[in-house]
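Got chain A sorted already, so can you dock chain B onto it with the hints?
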Amino acid sequence: MAGDCSIRAMWILNNLRAVVFSRRFPVVEKRWRAACQNENESSGDDPVKDTVFSSLPSDSELSAAFSERRTREGSVRGFGIRVPQSKEGSDSWVDDPITRHIVGFYINSEEEGENNLLWPLALHIKGPYCILILPSVEPKHVKAYARVWAFMVAYAIGDIVTGDVAEPEVVVSQSPSVGGLLDSLTGSIGISGISRAKPIAAPVASSAPSSAAAVGTLAPDVPKSGSRLLDKDALRSFISSAMPFGTPLDLSYSNIFSIKANGFSSLDIPPQDLKQPAWKPYLYKGKQRLLFTIHETLHAAMYDRDEIPDSLSVSGQINCRAELEGLPDVSFPLTGVSRSKIEVLSFHPCSQVPEQNVDKQALMFSPPLGNFVLMRYQATCSLGPPVKGFYQLSMVSEDEGAFLFKLHLMEGYKSPLTMEFCNVTMPFPRRRILSLDGTPSTGTVSNTEHSVEWKIITSGRGLSGKSIEATFPGTVRFAPWQTQRSTFFMSVLEGTMDDDSDDETENTNNMANTEEFLMEKMNKDLPPVDLEEPFSWLAYNYAKVSFKIVGASLSGISINPKSVSIYPTVKAPVELSSQVTSGDYILWNTLGKCPSAVNASVTQRFSNGGCQASMDKTY
Amino acid sequence: MAEKPPPKPISPQDWESLVEDFQNGGFRREKWRSLFPSVVELALSSILKKEFPFKIPLVIFLEEFSDLLFPANSLSSLLERLVETLRVLVQSPIDGIHVTYALKEQMMVSTTSILISTNSVESVEAQLTESVVELLLAVINRPNHGPDRHARAIACECLRELEKAYPCLLSEIAGHLWSLCQSERTHASQSYILLFTTVIHSIVNRKLNVSVLNTSVPLVPFNIPQWVLGSEKEELLELNYKELRRAMAFLLEWPQVLTPCGMMVFMGMIMPLAVDLDLQPSMLKVQFFGMIYSFNPLLYHVVLIMYSRFSEAFNEQETEIVRRLLLFSLELQQYLVFRLLSVHWLMGVLNGLMVNGEDVEKKKSIVEMGFRLYPSVFDPLSLKALKLDLLAFCSVCIDSLKPQNVSDMIVGDENSVVKLFQDGLVSVSAFKWMPPWSTETTVAFHTFHKFLIGASSHSDDDPSTTTALMESAIFNHLKGMLVDLILEFQRLVPVIVTFIDRLLGCQKHLWLGERLLQTIDANLHHRVVIDYRLVSYFPIFDRIAENQTIPPRRLLELLTKFMAFLVEKHGPGTGVKSWSRGSKVLVICRTMLTHHQSSRLFLGLSRLLAFTCLYFPDLEVRDHARIYLRMLICVPGMKLRGMLNLGEQLLGISPSAHSGSFFSAPSPRHYPDVKKSMNISSYIHLERMIPLLVKQSWSLSLLPLRVGSGKPDFSGGFKDTEATTDERELDANIQFQTISGDKRTDKPEATLYVMDAKVSEILEILRRHFSCIPDFKHMPGLKVKIPCFLRFESDTFNHVWGGESSKNGLHGVDALPAIYATVLKFSSLAQYGSIPSCHIPFLLGQPPASGYLPGETDSLDLVAKHDDSGEEEIYKARVMIELEPREPTPGVVDVFIETNGEVGQIITGQLQSIMVGIEDLFLKAIAPPDIGEDVLPDYYSDLFNALWDACGSTSNTGRETFPLKNGNGFAAVNGTRSVKLLEIPPDSLIHATERYLTRFVVSVSGERLVNVVKDRGIIKDIIWKDDDSGLLIDAVTSVTNQDTMPLYLTFFENEDEQESRLNISKRSIGCIHVLIFLPPKFHLLFLMEKGQNPNFPFTPPNFMDDDVLNMHNWGYYEPSIKGHLSLQLMSSMVERDTKPFIPGRDPNLMVATNAAFHPRDCVVSEAHIPTNYVRDSWINERDKFFSMLPAPAPNYGILPEASTAHSLPSLQPPPDSSTRDEMVVSRVEELPASKDGLQPRKRQDGAAPKMPKAKKPRKPKENANSTVQRLKPAKSIDIQIDGFDMDVSGIPIPVCSCTGAPQQCYRWGCGGWQSACCTTNVSMYPLPMSTKRRGARIAGRKMSQGAFKKVLKKLAAENYNFSNPIDLRSYWARHGTNKFVTIR
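Heads up: the protein sequence lines correspond to chains A and B, in order.
Residue 1 is where the first sequence starts when you use the UniProt record's numbering, and the numbers rise one by one after that.
Residue 1 is where the second sequence starts when you use the UniProt record's numbering, and the numbers rise one by one after that.
Only chain A is shown next, with the shape it has when bound in the complex (with noise of 0.2 Å):
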């Protein structure tokens, strides 16, 4: 039981909270039940026993369920992290912030006439669905889980992961990864859908595991189906490969899509003396070569403070592309690594672990079919920020602000370093902008309503072997501000809400300037963020740039193509791109409120110790 990670069912939510699909495994329900038989007659007369759910809830109470969690939490994820509304018992009186991603229900059975409590729930939103995930864990963690609710001692998972340190892993192990698993799933069936809307556009997917859609000049073989709807079929054939029993075995979907869509045909011939991976249930024929990318996301936040150091770090991978016949290795050194000051390494698990050298990082893989991300890293950049500068935005009454860019791009960048483009935008979601005044020394500005957008470099005409400077003076008109109470502070709010105003008649004079009584305004009703964002993006002045820059590594990593061997050797060239792009590139107002974090100097450290640690290691 302990080594089991099964699942005991699935559900599918959509955004109406029925229930579109739901799955469960009677296999993996029938070893959980032995299991809480064993638990409840080993632990004697538990009065905790009753809290444990033995059977699984249909489709119709799980979405009772749903619903009256999503009451009590506030939303779908929940608060998280305890709040004044978390009543006892809720997940967000765990007070942890895991609890977003793994819930506990109370299932009212009809049968059962009684609130049970079926956790752990591994919850994933991904477009308009919610997919839920029921592991199985060991009855005995839900009971000391049910405990430590019944003691009203708020720290379930903290004293999971702490008290229970034999296995740290318990809750948390399984549920994750079938939920990425999902997300890839989803994802690439085409579920995906709405993003989230963010106060500004969303950084190009950064994050986004699969990047190998985002690797242009290659043609990703995960095959979309382009329909919005729920493929139940697919959902099934995969279901029923990838877990047949509910014990997960391969979650690679592009491997088991062509697995059920093509089948095997007798020329597929295994290799000869080695076992083929699982990984890998085809080979590669035909025209061999090898394919790498060097995909960096450059964030920055700049602040152009005396008293804030600017931060920027670069999150890069490796992206590769190995078409190669058999089941080759391929191995070839990183050069830049200890100049680029790499934070973390992290690799395929096709790959060996490397050997460490002082610049000298070899890499060994038996590359997978497809595109796959061959390593991953977060480095410092060993450049210069290719746009450097401030942004000052001041406002000059309370619907008038005036603002100048003064920006610097690509300074001290060389050939073939090349911005193929840059933009500059100035979000404004909760103004409403009447006219823009202003022209800046390059580029072309545009208006929306509630953003300016500058673009300096517009693609087409990339920039390259020279820098170039661009300020952007102007004032920006908006619309009188309006006091937007929506609903969430109707109903949410509404007691800690003071019911008299009393500071309305000190705030008119005492405050110094406009800027802070525009704030002091504005913040009155700022709604809160998910505790998936940085922080409440509205409540600052920030102009965010978007760039890509191409031509080489803003780390200093980079692949020799001479350098990379394959074994056994074969002829097969060796084609190596970078690109550059911005993620969250964000010039803060200078004369504003801006979000800052302590870090530089101690990652700093850390990164030095952590390569020392690391160095010391042989392997």
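Certain hints may be false.
Non-contacting residues of chain A with respect to chain B, defined by C-beta distances greater than 12 Å in every case (computed) [to be verified]:
| no. | residue |
| --- | --- |
| 1 | K287 |
| 2 | E323 |
| 3 | I433 |
| 4 | K466 |
Derived pair list, reagent style BS3-like, types lysine-lysine, alpha-carbon separation capped at 30 Å [what the hints assert, rightly or not]:
| no. | chain 1 | residue 1 | chain 2 | residue 2 |
| --- | --- | --- | --- | --- |
| 5 | B | K49 | A | K260 |
| 6 | A | K593 | B | K1350 |
| 7 | A | K524 | B | K569 |
| 8 | B | K479 | A | K593 |
| 9 | B | K432 | A | K593 |
| 10 | A | K232 | B | K49 |
| 11 | B | K584 | A | K524 |
| 12 | A | K593 | B | K419 |
| 13 | B | K419 | A | K341 |
| 14 | A | K280 | B | K285 |
| 15 | B | K50 | A | K232 |
| 16 | A | K593 | B | K1349 |
| 17 | B | K164 | A | K280 |
| 18 | B | K50 | A | K260 |
| 19 | A | K562 | A | K280 |
| 20 | B | K432 | A | K524 |
Derived coverage of chain B by chain A (criterion: at least 3 residues anywhere in the stretch with Cβ under 8 Å from a Cβ of chain A; other residues may be distant) [unchecked claim]:
| no. | stretch |
| --- | --- |
| 21 | 287-297 |
| 22 | 437-449 |
It is worth saying that the hints were derived from the structure and are not from the lab.
Quick caveat: nothing in here was measured; it's all calculated off a predicted structure.
Yeah, the Cβ is synthetic: ideal placement off N, Cα and C, and Gly gets one too.
Relative to chain A, chain B alone:
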């Protein structure tokens, strides 16, 4: 098949809806129940149909609901059908359309699943299972076969599942499986490997001695081994280690073939195998540790599982594991949930390390790695929260390591934990200015909590010491931080309250919350600004008020100040504000009352409430304050709490005793219980506070009261029924006459009367006197008050009414019964007018005489009951019977009581009647208002003489009538005299006089007597006639004999005053003149002459009007001192209206305080009377209520201000007992000032109650300032420069000349300026370039109002002509608010 409400499903659509109904559950599933056994058959036949598109879902459906669809009674046949179907499908060739691999695979899976879940091996013929296994084995027995490789993999999984369900099912054919496993080279090899691993695993688990190399048992036909069927237990207990290890070695060769999921499953079996087979864990480690470098969380997880199982083998790698987990959480590409999990895992690993490891140094270095995990800017908030948790966790770990190793802590010392906390918090520092509901705030407080509770977990056996935590730097820092937060960001108050509530709500951390509250209490009060915004702190105050560990003193002081502020600020526009703030303050007061011992609160709270109910501008608030004050004063603690309880359960109070609490809905109504109320007077007593002097029996003869009834007949017999002593002093015969004005006004004689000068003088005096006497027929008459006590006996009461509280195990006062809302009604046959009823809100029963320890009473909630009599008083309620006598007769007042018991019983009944004696009616003569205090004795003396004369010489004044005050009534004088000789020593007479009649004495004459009386100092403020009165005193003899000689009194012929004085001069030592007024308009005059002759008579000349009223035996004084009682009478008379306040405890304090409170009373009561009649009946009791302020202590806090408060509403702190006396003195002296208190009464008449302006010393210019600001509130900025106001709005807009030409500046902020011309490009005199940022200039093109003021100041000092625009070029501020602004 019997019923067919739902038709048999035939088409795919039918099946689809059926499946949906099943999944939906409930009634939708139920409706298919009738078809149950046949559904399976129908489904199976559909599956075998050629043209049927819904096959796979149908198969899955059968699997999912196998427990419903395969009932036990028809299981066997159904399973047979199923297996048959499977066989057909598996063996039929693939046509790609109807029979696909997918269908085959699903059929295999589902059949297996159904077999397992129906427990086919045991429930039906084992042969069925055997045939399925055979079928599956046949499928897998074609290694490396191309097209069906995936089906083979699935078949392997089916077999594995069966093996898991029936362990060792396949153990006999393990050899075959191994060889299949070896030869398989397609991607299906994972399934083969897993199948073989499973078999090995179950063999080892069951300890079967089976050869895994042996292939002697044929693969097919398959027979279920005996041990699976359970008939034979394991016969062999020796494992074939050698073979098994070989198998393991084989298995460990192929990890890279497995998918991550496969690896997970594989490792789940390999690890126990390794343990059972005694393999080196390091072997596993070498093989699998590399997975930690993968970015797949599953592989991470595998390593972690391995680590948790074999932690000792990973000794060297711990650092690496921790490091990898840290890094994992930093990987931006990962899904958030995995990053969260990695932090969780990290905490788990660290925790495990802390528990198990021994090497402190290593632990430390590992834990310190955790410190490096600061949140970064773009981390999602949930991750930030978890990272902060981790920081807290690490700091705890380091702390716990510390005692063992104090030296060279880099991060672990106290300060750096604080530093850590601060640095970590930066990432959510927005919580300070964001709205309180923002997620940042939530995260920040989540972190506070984590850091605060630190090491103390919630488990009960956690030994973490509270003191250590309390002394920790982080706790101190947090405390300070919270206080600062509260002060700086008021909007955070609710959040902080929630935070504290959370701590308070947890038993383990209760003390933390309390400590925080204490800190806030200690620090907040002197730092907080008292203004309207103070109200935002009220939630905190409420918690403080609730908390018993915090002395309420500070809070009360603050609230009192706040109330004073509200009163002071009250104006026409602040009505609602004052009301809401005031009520909120009272809510806190209520909270205090319900949570604290009243004794702790008493001083402060009574001040606060008294202040509020006197001065607060809002009526409702005043009322509430008054109610609370009354409760505080007269209801003991526990009962009070019960009454105030709004229904919530209070700590330590059993609610049952107060089920009918003050605010809750009334319990079922109790009707008066007649039987129980019968003997009510036996245990509820209303008693006179001052017993009557004379024990008397009455023989009252009332002569018909008639106008002009002719001769007075006072010959009614005197019956000395109870002559207790022979020292009877006097008796009196009083005759009264009321003359109705309308009948006498036309009397002609009055004007014809001839008068001499003396007579006219007498008449003058008498007219004046009578004009002060109210005519009770036309206006309210004079009132006589008889103070009484109401008390009842607890035990009897309980006995009758079944007091519950005594059974509740309560102690002390709380065990005593109480009565609520008592109404006393009075009636009398005597002519006392209508007597107002009395209201007593609350009264506690008297404890039983025995068993009440003084120690217990010390803990009473009422304070300031330091002496014995004081303790008694909580069981007594003072009742004031107000009579308005129509004639000065003693009488009996009947008393009816109506009250409520604890549980709402209504108790009614008649109490014992109250006797009213003649001495109750004694009043001092009314002085005309224009008589000054200093000449009052003269006036009384003159009045006495005049009355005396008028009585004596009726011929002179007899026909004269005197108009009464305010009415049409007239009075005529008609008096009688009698002389009585008293054979008592003069000393005792003086004693008696002093004791009982002091305040009625108008003059004393005779030098000796004067000396004696004056020396005693009791009688004062009268006319002393020692020499000029002409009494000749035989000084020589009398001095020695005085004490022994009996006193004799002489009849004093007052028409011949001089003569008689001469006559008696040799024998008398002096006279005492006593004037007593008896309402409504009668007088009693005594002239007590004390002579040396023992037989000399004393004659009290009595006079009054006609209309005879004979009272016989109205009483005898008993000069013999009866100790206490007579003393009380005496003192009461002394004090009645001399000084308004007498320090010290005194039973008649009431009177005094009444006087003192009077001016304020009117402020309070008049305002509310029109609105709240219901409450009035209770609230008007306030007078008594105040009078009951027990002992001086609480009063002093209020009273000094009481007289002066109108001028200065701020309260002084209460003096402690050591300064009490001075306070008293000062207040007595201040009393004249209280006459000012009449002013507010007049003001009160207005609709809006106004509070008098504070006369705080204030500089006039400030005043001027404020008025100006009111006139121009927003725009104009007045600047005060060197004490001289300057209207900045008048001066021209400043310019900046940095471009060479003056350019007008823009306004900036409130009163500040910013340059319009200073840009980097335009300016000719630009500011220097910034060294830090290329292209930018250093800061400074703005100035705030403050800076501008400075400029103005400077210029003013230089005598600048302000009509010219100021050039600000050289004055721009250098602060960093603007670095660069262009405005066009």
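Hint-by-hint comparison with the structure:
1. K287: Its Cβ never comes within 12 Å of chain B, the nearest being 23 Å, so this holds.
2. E323: Per Cβ check, A:E323 is outside 12 Å of chain B; nearest 19 Å; holds.
3. I433: Holds, because the least Cβ-Cβ distance between A:I433 and chain B comes to about 18 Å, which exceeds 12 Å.
4. K466: Since the minimum Cβ distance to chain B is about 17 Å, A:K466 lies beyond 12 Å and the statement holds.
5. B:K49 - A:K260: holds, 22 Å
6. A:K593 - B:K1350: Answer holds: A:K593 to B:K1350 is near 28 Å, not above 30 Å.
7. A:K524 - B:K569: Between A:K524 and B:K569 the Cα gap is close to 28 Å, so the pair holds against 30 Å.
8. B:K479 - A:K593: Judged against 30 Å, a Cα distance of about 26 Å means the pair holds.
9. B:K432 - A:K593: holds, 12 Å
10. A:K232 - B:K49: Between A:K232 and B:K49 the Cα gap is close to 22 Å, so the pair holds against 30 Å.
11. B:K584 - A:K524: holds, 24 Å
12. A:K593 - B:K419: The given pair, whose Cα atoms are some 23 Å apart, holds under the 30 Å limit.
13. B:K419 - A:K341: holds, 26 Å
14. A:K280 - B:K285: With Cα atoms ~25 Å apart, A:K280 and B:K285 stay inside 30 Å; holds.
15. B:K50 - A:K232: holds, 22 Å
16. A:K593 - B:K1349: Cα-Cα ~28 Å, so holds.
17. B:K164 - A:K280: OK: B:K164 and A:K280 at ~27 Å, within 30 Å.
18. B:K50 - A:K260: holds, 21 Å
19. A:K562 - A:K280: holds, 27 Å
20. B:K432 - A:K524: holds, 13 Å
21. 287-297: holds (count 7)
22. 437-449: Satisfied; 8 residues make the cut.
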